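Between the sequences and the hints, there should be enough to build the whole structure, so can you do that?
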Amino acid sequence: MLIVEQVLNGLQLGVMLFLLAAGLTLVLGIMNLINLAHGSLYMIGAFVAASVAGWTGSFVLGLLAALPAAALVGMAIEVVALRRLYARDHLDQVLATFGLILFFNELVSIVWGPRALFLDTPRWLSGAVEILPGLPYPAYRLAVLAVGLAVAVFLAWLVRRTRLGMLIRAGATNREMVAALGVNIRLLYTLVFGLGAMLAGLAGVMAGPIYAVEVGMGEHILILTFVVIVIGGIGSIRGALAGALLVGLVDTLGRAFLPTLFGAAMGPAAASGVGASLASMAIYIVMAAVLALRPRGLFPVHG
Amino acid sequence: MSTALLDIAGLTKAYGAVIACDHVSLTIAPGEVHALIGPNGAGKTTLIAQIAGERLPDSGRIVLDGHDITRLPVHARARRGLGRSFQVASIFPRLSVLDNVALAVQAHAGHSFGFWRPARRDEALRGPARATLARVGLAARAEALAAALAHGEQRQLELAMALAGAPRLLLLDEPTAGMGPTDTARMIALLNELKGDVAILLVEHDMDAVFALADRISVMVYGRLIATGTPAAVRADPEVRRAYLGEDEVA
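Which chain is which? The protein sequence lines are W and L, in order. Residues in the first sequence are numbered from 1 upward in steps of one, following our numbering. Residues in the second sequence are numbered from 1 upward in steps of one, following our numbering.
Honestly, the hints are just simulated from the structure, not real lab data. Incorrect hints may have been included.
[Said to hold, decoys possible] Not close to chain L: a few residues of chain W, all C-beta gaps over 10 Å, as computed:
no.	residue
1	M75
2	L95
3	A96
4	T173
5	I185
6	F226
7	R238
8	A256
9	F262
10	A264
11	L291
[What the hints assert, rightly or not] Footprint (simulated), chain L over chain W, 3 or more residues, beta carbon under 8 Å:
no.	region
12	155–169
13	176–184
Note that the structure is a prediction, hence the values are computed from the model and not measured. Here a beta-carbon is modelled for each residue, glycine too, at the ideal position from N, C-alpha and C.
Pasting the structure below:
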């Protein structure tokens, strides 16, 4: 019973990571830009949703406000700052986007104050669903899972089947050629960036009722997100999904069961220390193992 | 000069102390095939890149069909009728041959297309794409993966992609590079068929191709145009013979 619940928790963390990873991997794969400020967009989504939901009492209105807000902020930083960084090396990009993290953390503190906000679960999702006899599971977390999987299907359709997706894939292969064919590639990049920002904002909104809405909430999850896209293969939406679910499961199950497993083997006192530290290392061990076998990730993108 | 399709005046571009393009002036008439020749490093590719908009000149002016395009971005020039091929075949290897051309058709259609429309089975794109493939002799290979094409076929595909936007001027950077004699002959025949429909500025090292195709030839050395004229006139030009062609090649 416990394991089913933890597997669901792991999948739910996984789809949240996927929403973040999808935008990050597209931006890194297509524009070759490392954007550390992606977590800031997640934070902005959460704060806007928490505020609007607080004023109106409606989670849905909060969500509807947060998505365009995150997309607009994302497109604004792309036009103002990031566009200048595409041709620079990765260290410059890391420095500049790290600066953006500090900027947005400070900005959010000024606008919303230093204290954490709360985003309530919408009432119609606040109950529990009995997924197996005798095993209730929060309806909200199931909804997060469903939304994440729906976004995955939508993105797969967008990238593989639509004209926009064809341009995105072509632009990733050969930017100059796509421009020479008459495509405004800067506009295309801004749109892709806005889409990624909106997905990060969506992840932030959905995280709101589960974790605290606070300054710096984007940093911890950003590290996990980078692990996800490296495991999945940079630039691959499919890889982002596989990597996100893997990291979500390994992290959640590791934290839930590794201390107990070690406890059985070596006694509770020593085990809680070893088990806990191994649990926090588990995703990095998985990443190292994946990269040892497949250096370009699970789903490498072909040139 | 008002009849020129492309009118370049005083185009200059320096990289540090190296002047890659030194006050180059050149006109191309509608339908003209104009070959640009010169030794490696003469600045031919820099000149093409400035016309296409990938590099901005330090000074000078580029007028296409009466419009000053000197400062326009690449995609805006493409929409005004500039098509281009690259020195290294630039195709999208993971797409089918037909999808490559459909992409080019779509790109040229600009903002009028729906982003959300399905790309496959879209006759508005695939009809023109098929017609263009037929024009370059690749109709039979439409469903193949672009990566699976032979080198010569990839260059034909690239030409089809450039043609898909119905350009008035094609910039072709070494279309026969790396080709064997059979493929080269086929490419020359293809370009000959296009002659008159579309103006072509052709950078080419293969002198047989140049003399078979060109209405006029410009010779570039160290960033400067040292001669422009008919093939016969350029062949006879003593400065060209000294600087570039070499006595045995023109003998």
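Earlier hints that do not hold, by number: Those not satisfied are hints 4, 5.
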